[in-house]
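Participant: Spelled out from the first residue to the last, the chains are:
2 protein chains.
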Amino acid sequence: MNGLNLTLLTDLYEMTMMQGYKQAHVKNHEVVFDLFYRTNPSNSGYAIAAGLQQAIDYIKNLSFSEEDLNYLRSLNLFTEDFINDLRNFKFTGDIYAIPEGTVVFPKEPLLRVKAPIFEAQFIETALLNIINHQSLIATKAARVCWAAEGDSVLEFGLRRAQGPDAGIYGARAAMIGGCTGTSNVLAGKMFDIPVKGTHAHSWVMSFPDELTAFREYAKAFPDNCILLVDTYDTLKSGVPNAIQVFKELREKNIKPKIIGIRLDSGDLAYLSKEARKMLDQAGFPEAIISASSDLDEYLIADLKRQGAKITMWGVGTRLITSKDCPAFGGVYKLAAERNEEGVLEPKIKLSENPDKVTNPGVKKIIRIYDKASGKIKADLIALDDETFDESKPLKLFDPVNTWKQMKLKPGTFTLRELLVPVFINGECVYQSPSVMEIREYCQHELSTLWDEAKRLTNPYIIPVDLSKKLYDLKKQMIDDIRGTSIDE
Amino acid sequence: MNGLNLTLLTDLYEMTMMQGYKQAHVKNHEVVFDLFYRTNPSNSGYAIAAGLQQAIDYIKNLSFSEEDLNYLRSLNLFTEDFINDLRNFKFTGDIYAIPEGTVVFPKEPLLRVKAPIFEAQFIETALLNIINHQSLIATKAARVCWAAEGDSVLEFGLRRAQGPDAGIYGARAAMIGGCTGTSNVLAGKMFDIPVKGTHAHSWVMSFPDELTAFREYAKAFPDNCILLVDTYDTLKSGVPNAIQVFKELREKNIKPKIIGIRLDSGDLAYLSKEARKMLDQAGFPEAIISASSDLDEYLIADLKRQGAKITMWGVGTRLITSKDCPAFGGVYKLAAERNEEGVLEPKIKLSENPDKVTNPGVKKIIRIYDKASGKIKADLIALDDETFDESKPLKLFDPVNTWKQMKLKPGTFTLRELLVPVFINGECVYQSPSVMEIREYCQHELSTLWDEAKRLTNPYIIPVDLSKKLYDLKKQMIDDIRGTSIDE
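For the protein sequence lines, the chains are P and Z, in the order given. FYI, the working numbering numbers position 380 of the first sequence as 380, with every residue one higher than the one before it. FYI, the working numbering numbers position 51 of the second sequence as 51, with every residue one higher than the one before it.
Bound conformation, chain P alone:
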């Protein structure tokens, strides 16, 4: 993503539409688009917003080179007039966004873009690509770390990631979600995040025997001596050889900061319990047992339940690809358009599927916390010009089953607006925190979720309601469109 200019990272139809808007003389009509998603990945009870920093970089770097323009010209689709417009293209609008690391729920705009339709339309694809990817992996990482119950989780997936960026920005997102380190050196350098790793099977195989390989590794890295014990036979060869090397270090009075073993195959519950016994009996209760091998939140939770003696988890493929749910379904929908009277007029998209009907208008998101516990009680999607007051009672209702209502007394709740300004009139007004700062913020965010909402399967769903004003607007607009057609 860095280095390569991503201006052309867009679907062709964004550009045919841009030319169309120009020809229809509406290219400068101001519009509002919402970037939101409809369902949490992996049936989770929440998601973690991520990718905003890269979205900002993308917007800042928008610029068509002459080479880009020549390429577009070669497609024989575009007028010279349109291509000329692109030559000085820059983003001049406003973007509000939910900060990275925030706990988010379906239907809430993670980004709200207000700009001339010519610009707002163009940036759709890249914004979705960036936000969808990183939010997906950050969410998966939060789930995996939750299953690990405070143990260290390392991101080990680079070799199975969907290309270099997926490895690099996936590692970034995994850190935001709660991982404590990554194997990915380039990500380590780019984002100043901890990098971790010891050795592979090939290390062991490249020496005449396992014991020699372990001895050589201990000699090279006496301070951090985690030995991979499953190349030939974990309990008969690997663990005894590791213990032998730890004893030799002790005899030589070498005291590594960390000693331990890594299991990468076989039954991790059984092997870790047996290895724990062997290490303890040999006088190495401080030796760490780490494990990798097709781990995910479900397997880690299961291994924990079975008393596995593992305290450090290397998670690869299933985290970096979010294997059970490899796409985050973010969409980008028109919510309003400035009409001839200069008013931002709400827009709606209908669908056979009621879940796909959009929320019209310029909106904000109010998070409602339970004051006593600090936990999230509900979110409220409201029109941007509405005001809410902690000192007044707050009435919420479910937008589908409207009889489901909640009345909050003043003093029992606090309010927080989630969308913050990122670009104003095309100027970036937001300074992204470092990845480790975002990670820390995300840890706090996760603490505002009830445990029931973090359950891996069938979690408690925190209500996301509409304000009365937004609900009425939406209902009216649906009636207006549907009222004109009668089913035959």
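Treat the hints with care, as some may be off.
Treat identical chains as interchangeable: a pair holds within one or across any two.
Claimed, not checked - Simulated crosslink set (DSBU-like; lysine-lysine; CA at most 35 Å straight-line):
1) K60 - K189
2) K395 - K27
3) K304 - K277
4) K247 - K356
5) K304 - K475
Hint data in this document are derived by calculation from the structure and do not stem from the laboratory.
Fit chain Z to the supplied structure of chain P, relying on the hints for placement.
Facilitator: Using the frame of chain P, we list chain Z on its own:
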């Protein structure tokens, strides 16, 4: 991937091992690594090799900047001596590979790397990342295109891809696998592949009504007028309005090269049949019906079976992420190491899981074709110094169930060696074809597969056998290691 130098795109443990090899005085030991995979993605009967061009670019561009070295120094893991070695790091070895677009099967080395262990170890992670990703998507695309039975399949997944590279190189791989175009403009420019697209729902929503939106689109793109008809109501509003616009074009004597509609929601079988009738009755039998909406090979095959009148398929999320199987399990395993006598000595990795025991030695792959049909009969993994002769009988046997044997008479089969030289002594000797040339080659490759092997579920599995010599070597090495331990 382009632009950003990928030299640090590696797992940290490759580098700790490198320093370890150096300290153990074995860094220049020549080794052979195989990059292969164990099971076809999506339970397919085959896979398509892809990503070689980017793997070559990566190897060619290997170079540590002073900034990289400073970063590594800051980790307090590496000696100054080791960091100095990296300053002039370049790849000096040999790489043989199976060309992109080739049909491949599990256990076959897609790449074979022979180099000093210091270099061969380093490049593991990035090679796996690149080859795993593109082979995954090329394979998925081949399956999707097969289900579409010759219809055009467009890759529309950029917004849901796992980051920019996944979109860009995923589009490249999708073209190799058989797609006819992509929506991704940057991929179009980079690889000279066709880009496609028309308009989105937001186009329709941004105009006062659907008919106006369609008219404006037809005015802007009279030559390629595909209208998205499901923004409000497909059959009551979208299709009638599209027909109205097609009629108006006809009345004005404007003859677009392509007219048609796109369906993006609802029941695609029903809607396409109804729309077909409406278009035909209105006198537009030439109007194309294209469709998108969570398509994959299974849904396309089902829609075909139900007589859906769709002839152009836009496939997004499920192709670009290979949703049902988002990782290609390529691994990189040590196969041989030059010993003190100067002989490349075979190496093996055992595992509790028999499927994970590696094939030792320097190997090649012989593809055996049925001479009459040109179809693949079997593949043979053999030692590199073995010779096979089309004029002599060929005996094959299954390496697990050795009683399963096949004897081929001379004249009934032809042989082809799959691995070709790519780097020799660090110099690239391979010229990659263009993506569209690879695509064409892949189409021919797919024609060498029996239909039974292309079945989407439970396909016929083409045998991949070991030569007698390799089989005997492997068996002997397993016995040598296991023979020394007695189960208690």
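Participant: None of the hints should be skipped; say for each whether it holds.
Facilitator: A quick look at each hint next to the structure:
{"no.": "1", "hint": "K60 - K189", "result": "both (22 Å within a copy, 22 Å between copies)"}
{"no.": "2", "hint": "K395 - K27", "result": "neither (41 Å within a copy, 70 Å between copies)"}
{"no.": "3", "hint": "K304 - K277", "result": "within (17 Å within a copy, 59 Å between copies)"}
{"no.": "4", "hint": "K247 - K356", "result": "between (64 Å within a copy, 31 Å between copies)"}
{"no.": "5", "hint": "K304 - K475", "result": "neither (48 Å within a copy, 38 Å between copies)"}
Of the numbered hints stated above, those contradicted by the structure are hints 2, 5, listed in ascending order.
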